[in-house]
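If you're matching them up, the sequences are chains E and U in order. Note that the numbering used here numbers the first sequence so that position 186 is 210, with each residue one more than the last. Note that the numbering used here numbers the second sequence so that position 356 is 1198, with each residue one more than the last.
Everything labelled a hint here was simulated from the structure, so no lab data went into it. Any given hint might turn out to be false.
One side only, chain E facing chain U, incomplete, derived with CB under 7 Å [stated by the list, open to error]:
#	residue
1	Ile355
2	Asp361
3	Gly367
4	Leu395
5	Gly402
6	Tyr410
7	Ala424
8	Ser426
9	Ser428
10	Ile430
Keeping only pairs whose Cα atoms sit at most 16 Å apart, straight-line, the calculated EDC-like set for lysine to aspartate or glutamate is [unchecked claim]:
#	chain 1	residue 1	chain 2	residue 2
11	E	Lys411	U	Asp1055
12	U	Lys1053	E	Asp159
13	U	Lys1053	E	Asp405
14	E	Lys173	E	Glu115
Heads up, the beta-carbon is just placed ideally off N, CA and C, and yes, glycines get one too.
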Amino acid sequence: MNNTPILRMDNIVKNFNGVTALKNVSLEVTRGEVHAICGENGAGKSTLMKVLSGVYPAGTYGGNIVFEGEQVGYRSINESEADGIVIIHQELALSPYLSIAENIFLGNEISTRGVIDWNRTNREAALLLARVGLDENPATRVLELGVGKQQLVEIAKALSKQVKLLILDEPTAALNDEDSAHLLTLINHLREQGITSIIISHKLKEIRQIADTVTIIRDGETIESFSMSEPDATEARIIRSMVGRDLSSLFPPREANIGEVIFEVRDWSVYHPVDTTRLVVDGANFTVRAGEIVGFAGLMGAGRTELAMSIFGRSYGTNISGTVLKDGVEIQTRTVDEAIRNGLAYATEDRKKYGLNLIGDIAVNVSAAALAKLVRFGVIDRHREYKVADSYRAKMNIKAPSVSAITGKLSGGNQQKVVLSKWIFSGPDVLILDEPTRGIDVGAKYEIYGIINELAAQGKAVIVISSELPELIGLSDRIYAISEGVLTGEVARADATQERLMHFMTAGKDSAL
Amino acid sequence: MSTTTPAGQQPARRRLPRFRVNLRQYGILAALAIIVLLFQILTEGRLLLPGNVNNLIQQNAYVLILAVGMVMVIIAGHIDLSVGSVVAMVGAIAAISTNQWGLPWWAAVILAILVGALVGAWQGFWVAFVGIPAFIVTLAGMLIFRGLTLVLLTGGTINGLPEQFTAIGAGWLPGWFGELGGRDVLTLVLGALAAAMLVLQQVRSRATLRKLDLPREPLTSFWLKIGISALAILAFTWLLSDYNGTPIILILLALIILIYTFLLNRTVFGRHIYAMGGNLFAAMMSGVKTRWVNFFIFVNMGVLAGLAGVVSTARAGGAVASAGQNYELDAIAAVFIGGAAVQGGVGTVVGAVIGGLVMGVLNMGLSILSVDAAWQMTIKGLVLLLAVAFDIFNKRRAGGR
């Protein structure tokens, strides 16, 4: 391995409408190595790769990119691919109804004057499949392949483009162990053939196994970059760098008044809705007490949201098994309606997609989950509906001229307050809040923390799912860590540190509680 | 809040935002008024002759009824292409049941509506519980029910319907209060009542807004709108009273508009339809039983298609296999001209009815001018396109996505 860099990115800066995603990121990748990029959700890893590959065209970011000794600034993916930079996204981008061969050469067809040469296409596809170790007929349609094999088709496609730098974004997040192992072997193999790889991953075990160098990004800045052959290149060091920011955000004071266990989930298992052999949540057991705020920490794809949604009216997954108990009695939550009637509430992670009717006003959104409370003989009491909504507007400090304001026009923080109002109005005993402060400014975050504390003070059981560890530590009385669908740790507030949580969150499924 | 306000000072008194005039709602009313005026001039006053005004209602009743059902289908994010065929089939069954089975007229009406409901349940089943897109289910329905109509009528026509039956589409209320200067008094009284009810209802709902401290439209435009609407109702009934009085179908239409406006605005079912059209996932995650709502939307559409079948058969005085052709397209056009959004979630009963009237006035005006049928179709198509383009333009200007 020689030591000339194939890629250098210097002082990359990227803003979105005034929000800084990348403050100052630098990256140097040596030719022929496997370079891992680590960071928390939202640290800026994917943004950086989009800057590199031209998804964000040159001119929309600041800084310098040098690839193979030449200064570059790609304006589209086509341009970066022409130079041999290929990115494989976490969500695979294959066309399911086309064959493997057709997918490999999609947009790059082997043809003479527009007529495809199928013989050569299939022959070359077969050669590429052999290179990635996929034993399938090139004429097989992609939808017949599992995710792991589809991943390999993506890599074959990259190889067909004479890839020099292969970027894999969370390549094993959706794979089972066997497929993951195969993929890692393949990446090793490609390294021997002189192909440089960048791998974005949360899984420290994998990084240790395969990476030559690791760069850690936090809050849009490069923290450090070191060779994995250094003696102090440990998992602990990576974790420290990933989370090591100050607990700068403030949390409103709260005096916890914790009662009996009122919510309990036993042996909860969920399979993936499409890939029905894949366990997404594996035998989860947890409890929540009255007046307690319980955090769930997990990296993206760990199964946090899947766990919550499967409990709330089986809104996710298939073959769901396990029991839910409230006040010691088993309850059914087979439909959303049933879950609500049994006193559950779930504020979704993506409030725009799953939480709000954005073309509706505040009033119809606040009443949406508990319309029955406002109805007599099938007729909605609009008068009371507005009054209820208005009382929440005042209580939650929703900044809108009136409750007939359209929710789509509110800021993220105010939208989130509408979502919370909706669920509080449904009168639940157990609230599951999935990423309650995502995309919200600091001031509104503080208000929402206050609301969450208030709910706990009323004796409700509150579950908070969050990617922000300082938030979980600042808010929760107790935190469960989830990794690869398995609860891997339970940490009391007093013992909770980001390092400790991150250790559990990256532990993998062999470390079940 | 102005930037010059010193820190710590109480923010200025809560200002109600300037009520944003709903251009789309006014736009469609204004469009109707302009089209009426335009044709009144082009036809040298013949458009608003009492007989023509009467025919406007009796000839277009079916579109208005179908548009009311269709607006609910479209708000929920679906479409129904089968209603024209359903109208034909229901008409055939109603005619057969009176002529061949000797059912009384009222039994035929009930049977027609039940058949409509059954058709709706059939289509609702495939859409809601099997999950086939409504476009496909109702495209199939369009063929199935047209085919069944041909089977029922074996290519012929059935005439000679009972008088009471045809009166539904082509009859008038008897002049109970006699005549005054050649005008039907009952019609004038109904017109005055309707205008008074409109004013009362509007004033009351404005008072409620005030009580709840919600934004209200400016007083001048409020009274202007009511004044013009009330005058239009009075003028309309004034003209009708000079002809044969109040068409029976007008009473039926008024009831349908009132009932369905209430259904959409004030009941759980109506709210769930808007919620599903606004964001299906959010509705599901709020506990809305989306399958059942979809099912009943189609049952309801079937019932109204059955009613439209009765009305159009009654008006025609007989059943023919080619009845109801393109009715689905008229209804869909009316709904979109009336301000419904293609993505769902938006639309009103009143809008759909006004949209239907726009189409009706266009039809009638162009016919009076003896414009060729081919050109009539072309012009209607352009009007639909422009109406939706106007809508999209409006939304973009308002900064929507």
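### Query
Does the structure break any of the earlier hints, and which numbers would those be?
1, 3, 7, 10 and 12
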